[in-house]
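> Note that my numbering gives residue 137 to position 137 of the sequence shown, counting from 1, and the numbers run on in steps of one.
Hints are computed from structural coordinates only; laboratory data are not their basis.
Be a bit skeptical, because a hint or two may be false.
Derived DSSO-like pairs (lysine-lysine); straight-line CA-CA distance at most 30 Å [to be verified]:
#	residue 1	residue 2
1	Lys-161	Lys-53
2	Lys-78	Lys-214
3	Lys-214	Lys-53
4	Lys-78	Lys-161
5	Lys-214	Lys-347
6	Lys-78	Lys-53
7	Lys-347	Lys-302
Per label pair, the in silico range of CB-to-CB distance [said to hold, decoys possible]:
#	residue 1	residue 2	range
8	Lys-347	Phe-286	30 to 36 Å
9	Val-298	Gln-328	53 to 59 Å
10	Phe-343	Arg-97	26 to 32 Å
11	Ile-180	Glu-153	25 to 31 Å
12	Leu-339	Thr-137	34 to 40 Å
13	Pro-70	Gly-340	36 to 42 Å
14	Asp-102	Pro-156	29 to 35 Å
15	Arg-279	Leu-83	16 to 22 Å
16	Val-346	Arg-279	22 to 28 Å
As the structure is a computational prediction, the values presented were derived from the model and not from experiment.
Each residue gets a CB set at the ideal place from its N, CA and C atoms; glycine is no exception.
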Amino acid sequence: MRHGCVQSGKLVEENDLLHEISHFEIGAVKGVRHVKAEGGAMPERKEAAARTKVTFSIVLPVYNEEANIPMIYERLTKVLETLGEPYEIIFINDGSRDRSRDLLRELHHRDPRIKLVSFTRNFGHQTAVSAGLDFATGSAVIVMDADLQDPPECLPQFIAKWRDGYDVVYAIRTKRKENIFKRAAYAAFYRILKRIADIDVPLDSGDFCIMDQKVVSVMRAMPERNRFVRGIRSWVGFRQIGLAYERDERFGGETHYTLYKLIKLAVDGFVSFSYAPLRMAALLGFITSGISFVAALVQLYKRLFVPSSYVPGFASLIIAVLFLGGIQLITIGIIGEYLGRIFDEVKRRPLYLLDETLGFGEQNRSASA
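Take the sequences, apply the hints, and build the full model.
Structural data, given as C-alpha cells:
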C-alpha cells in the first residue's frame, strides 16, 4: 500500500538555525534535569544512541481513537522493526471517553515497548504533545497523530535526515484530504502567521516531526501554559529541515478538532509569537482619531463658512459614538487576550494532571478510577 510520502531525500525547505547561544543552561522544570545545549559542532548520532537505552521515542496523543489504535500500532511497529534499533511508543490518553484506554492497556501488556500516560481529563492536543515530550527518553523523539493522517511509512526518510545531522526534521503538507473550508482556513492561518509572527514558522507544517533529544530538553524546560508546539519548535532554533508529504484521510472515526478548537489554536499561534494584534489595535486607534479630527474640522468649516449646508442633528454623532465604541471594544478584547495569558502564567497551575502511567518502571502510576 502506497502512502503519502515523498521520495527519499527530496528536500522542501531548510532552516539552518543553529542555536544562537553558545552556553544555554536550563534550570530543572517539572522534574527535568539540568541540560546544556552547546552551540557549534553537531553531536554524533551513534554516540547519542549508545548513551540511552532507547533510540526512538514515538509520541502519539490519543482522544477517542479506539477505531485507529490497532492499525496505528500495526503499521508503526512494522516500520520501526525494520530499523533494528530499540524504541518506545508513548500514547498520551487525553481524557478519552471510549475504549481507547482499555485498548492501550492491552497493548502494553502484550508489548512492553508500548507505554501509556493517561490524563485526569481532556487537556487538549498541544498539552498532550507536551506531556509526551516530558516522558520521552529516546535519542530522537517523533511526534505524530494517532489517526493515521501522518503516515508511519514516512519515518525512515525523517530518520535519515536526523542521522545526517539535522536536529529537527518537520513535515510539510503538500496536499490535505479534507473539505475545502478546512483547507482554506489552514492555508490562511499559516500565511497570516508567517507574516505577523516574530519567528519564521514554516508554511503548512504541523506537529509531525522528529526532534533530537537536546531540542526536546530545551522545549521541555519551557513552562508556558498556552502551548503552540510547532511555534515553540521553530523558536528554539537549532538546525532544521522540512520534508514534503501528502496528509492522508483519517483511517477511522471523526475529527476531534472542532471549529472552536481550530480558532483557539490559531489565536494561540498569533498571540504567543506576535505583538502584531496589539500594534494593529494601536494603529487602528490612531487612524480612527485622525478620521474623527478631520470630520470635526469639516463640520466646523460648514458651520462657519457654509451655514446653508450644515444640517443639525444627532445622526452623525450617534454614528461616530458607535464607531468609536466598537473600536474601543475590539482594542480592549485584544488587550484582554494578552492579559488572560499572563493570568494563566501567574496562577502556576500544572500543565496537566496524571491519572495513570504504564511502562515507566518505578514511575508507574495506578489509575484512580
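> Range hint 29 to 35 Å: satisfied by the CB atoms of Asp-102 and Pro-156?
holds, 31 Å
> Phe-343 and Arg-97, beta-carbon distance inside 26 to 32 Å?
29 Å Cβ-Cβ, so the 26 to 32 Å window holds.
> When you check the alpha-carbon spacing of Lys-214 and Lys-53, does it fall within 30 Å?
It holds: about 16 Å lies between the C-alpha atoms, which stays within 30 Å.
> Below or equal to 30 Å on CA atoms is what counts here, so check Lys-78 against Lys-161.
Status holds; Cα separation ~20 Å.
> Would you check the hint for Lys-214 and Lys-347, treating anything up to 30 Å between C-alpha atoms as holding?
Holds: Lys-214 and Lys-347 sit about 29 Å apart, inside 30 Å.
> Using the beta carbons of Val-346 and Arg-279, state whether their distance is inside 22 to 28 Å or not.
holds, 24 Å
> A range of 25 to 31 Å was offered for this pair. Does it hold for the Cβ distance of Ile-180 and Glu-153?
Since Ile-180 and Glu-153 have Cβ atoms about 27 Å apart, the given range 25 to 31 Å holds.
> Given the range 34 to 40 Å, decide if the beta-carbon distance of Leu-339 to Thr-137 lies inside it.
Since the Cβ atoms of Leu-339 and Thr-137 sit about 38 Å apart, the hinted range of 34 to 40 Å holds.
> Regarding Pro-70 and Gly-340, is the given constraint of 36 to 42 Å on their beta-carbon distance met?
Check passed, 40 Å falls within 36 to 42 Å.
> Does Lys-302 lie within 30 Å of Lys-347 when you go C-alpha to C-alpha?
violated, 56 Å
> Against the 30 Å threshold, does the CA-CA distance of Lys-161 and Lys-53 hold or violate the hint?
holds, 21 Å
> Does the hinted range 16 to 22 Å hold for Arg-279 and Leu-83 at CB?
Since the Cβ atoms of Arg-279 and Leu-83 sit about 48 Å apart, the hinted range of 16 to 22 Å is violated.
Of the numbered hints given earlier, the model fails hints 7, 9, 15; all others are met.
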